[in-house]
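Letter by letter, the chains look like this.
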Amino acid sequence: AQSVAQPEDQVNVAEGNPLTVKCTYSVSGNPYLFWYVQYPNRGLQFLLKYITGDNLVKGSYGFEAEFNKSQTSFHLKKPSALVSDSALYFCAVSGDNTDKLIFGTGTRLQVFP
Amino acid sequence: GAVVSQHPSRVICKSGTSVKIECRSLDFQATTMFWYRQFPKQSLMLMATSNEGSKATYEQGVEKDKFLINHASLTLSTLTVTSAHPEDSSFYICSASGQGVSTDTQYFGPGTRLTVL
Chain A
1 AQSVAQPEDQ
11 VNVAEGNPLT
21 VKCTYSVSGN
31 PYLFWYVQYP
41 NRGLQFLLKY
51 ITGDNLVKGS
61 YGFEAEFNKS
71 QTSFHLKKPS
81 ALVSDSALYF
91 CAVSGDNTDK
101 LIFGTGTRLQ
111 VFP
Chain B
1 GAVVSQHPSR
11 VICKSGTSVK
21 IECRSLDFQA
31 TTMFWYRQFP
41 KQSLMLMATS
51 NEGSKATYEQ
61 GVEKDKFLIN
71 HASLTLSTLT
81 VTSAHPEDSS
91 FYICSASGQG
101 VSTDTQYFGP
111 GTRLTVL
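These protein sequences, in sequence, are chains A and B.
For the record, in the first sequence the residue sitting at position 33 is 33 according to this note's numbering, with numbers rising by one throughout.
For the record, in the second sequence the residue sitting at position 16 is 16 according to this note's numbering, with numbers rising by one throughout.
Just so you know, these hints were derived from the structure itself, not from any lab.
If you're wondering where the values come from, they're calculated on a predicted model, not measured in any experiment.
Accuracy of the hints is not assured; some may be wrong.
[As the list claims (entries may be wrong)] Using 20 Å as the maximum straight-line C-alpha spacing, the simulated DMTMM-like pairs for lysine to aspartate or glutamate come out as follows:
(1) A:49 / B:104
(2) A:58 / A:85
(3) B:55 / A:8
(4) B:41 / A:8
(5) B:20 / B:88
(6) A:100 / B:87
(7) B:41 / A:85
(8) B:14 / B:88
(9) A:100 / B:52
(10) A:58 / B:104
(11) A:100 / B:104
(12) A:49 / A:85
(13) B:41 / A:9
(14) A:77 / A:15
(15) A:100 / B:59
[Claimed, not checked] Not the full set, but computed from the structure, chain B residues with beta-carbon under 10 Å of chain A:
(16) 34
(17) 49
(18) 53
(19) 97
Beta carbons: idealized from backbone N, C-alpha and C, even for Gly.
Just chain A, same shape as in the assembly (with noise of 0.2 Å):
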């Protein structure tokens, strides 16, 4: 069965300093994996994916992920956070067979000025 774990359920980091956003994943065969943001009462929003080739993935808003397949991680990074960066992100996972997206729990991400 597929899974996905968001260990963090909050992240607060000071504006201008690098964030990450944590997630890992179980999936069976090769691991379709997405990134969306969440802004309040909005819908998500598109931010990455990875579905194969290069292991660092860039984005959208200069977020990127790194894709480690020995630790099923995929965690978000970005080197220099901004206030506006503040919402709910949420990492998605789907497998070979199926488009059915699978979320974490989501980690509210608060960067202070």
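Starting from the structure of chain A, add chain B where the hints point.
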């Protein structure tokens, strides 16, 4: 590109009435649409998957007679909550994937907040 809209954004209804939520792909053809439900401070729960012109596939535990899904065209899917009750109050979000965008990526609508009194 890859814009998905939902209407209405917010709806309040009385218990026992039915509510229809529309999900539209504005700039691509959505061969597959998904309906999710999100409870406060929780993750998204997939309710059903629909392919254009076919019956929806519901997830385990989701009542298909209560949550009617129609995907009649490549740009429109509707979710009708029939005989709504207060426990159906939630944030409903649709997503779409299809032709003209990355087929392996779901693009999400802005969501519909349903409140049943």
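Evaluated hints:
1. A:49 / B:104: holds, 9 Å
2. A:58 / A:85: Holds - the C-alpha atoms of residue 85 of chain A and residue 58 of chain A are around 16 Å apart, at most 20 Å.
3. B:55 / A:8: Violated - the C-alpha atoms of residue 8 of chain A and residue 55 of chain B are around 38 Å apart, more than 20 Å.
4. B:41 / A:8: The hint holds at about 14 Å.
5. B:20 / B:88: Roughly 13 Å between the alpha carbons, so the hint for residue 20 of chain B and residue 88 of chain B holds.
6. A:100 / B:87: Not satisfied, since the Cα-Cα distance of roughly 25 Å exceeds 20 Å.
7. B:41 / A:85: Measuring from Cα to Cα gives roughly 18 Å; hence the hint holds.
8. B:14 / B:88: holds, 11 Å
9. A:100 / B:52: With a Cα-Cα distance of about 16 Å, the restraint between residue 100 of chain A and residue 52 of chain B holds, given a limit of 20 Å.
10. A:58 / B:104: Holds - the C-alpha atoms of residue 104 of chain B and residue 58 of chain A are around 17 Å apart, at most 20 Å.
11. A:100 / B:104: Holds, because 10 Å separates the two Cα atoms, which is no more than 20 Å.
12. A:49 / A:85: holds, 18 Å
13. B:41 / A:9: Given pair residue 41 of chain B, residue 9 of chain A holds - Cα atoms ~10 Å apart, limit 20 Å.
14. A:77 / A:15: holds, 14 Å
15. A:100 / B:59: This hinted pair holds, its Cα atoms lying about 10 Å apart.
16. 34: OK, holds: residue 34 of chain B within 10 Å of chain A, min 8 Å.
17. 49: holds, 7 Å
18. 53: Since the shortest Cβ distance to chain A is 17 Å, the answer is violated.
19. 97: holds, 7 Å
Consistency note: the structure conflicts with the earlier hints numbered 3, 6 and 18.
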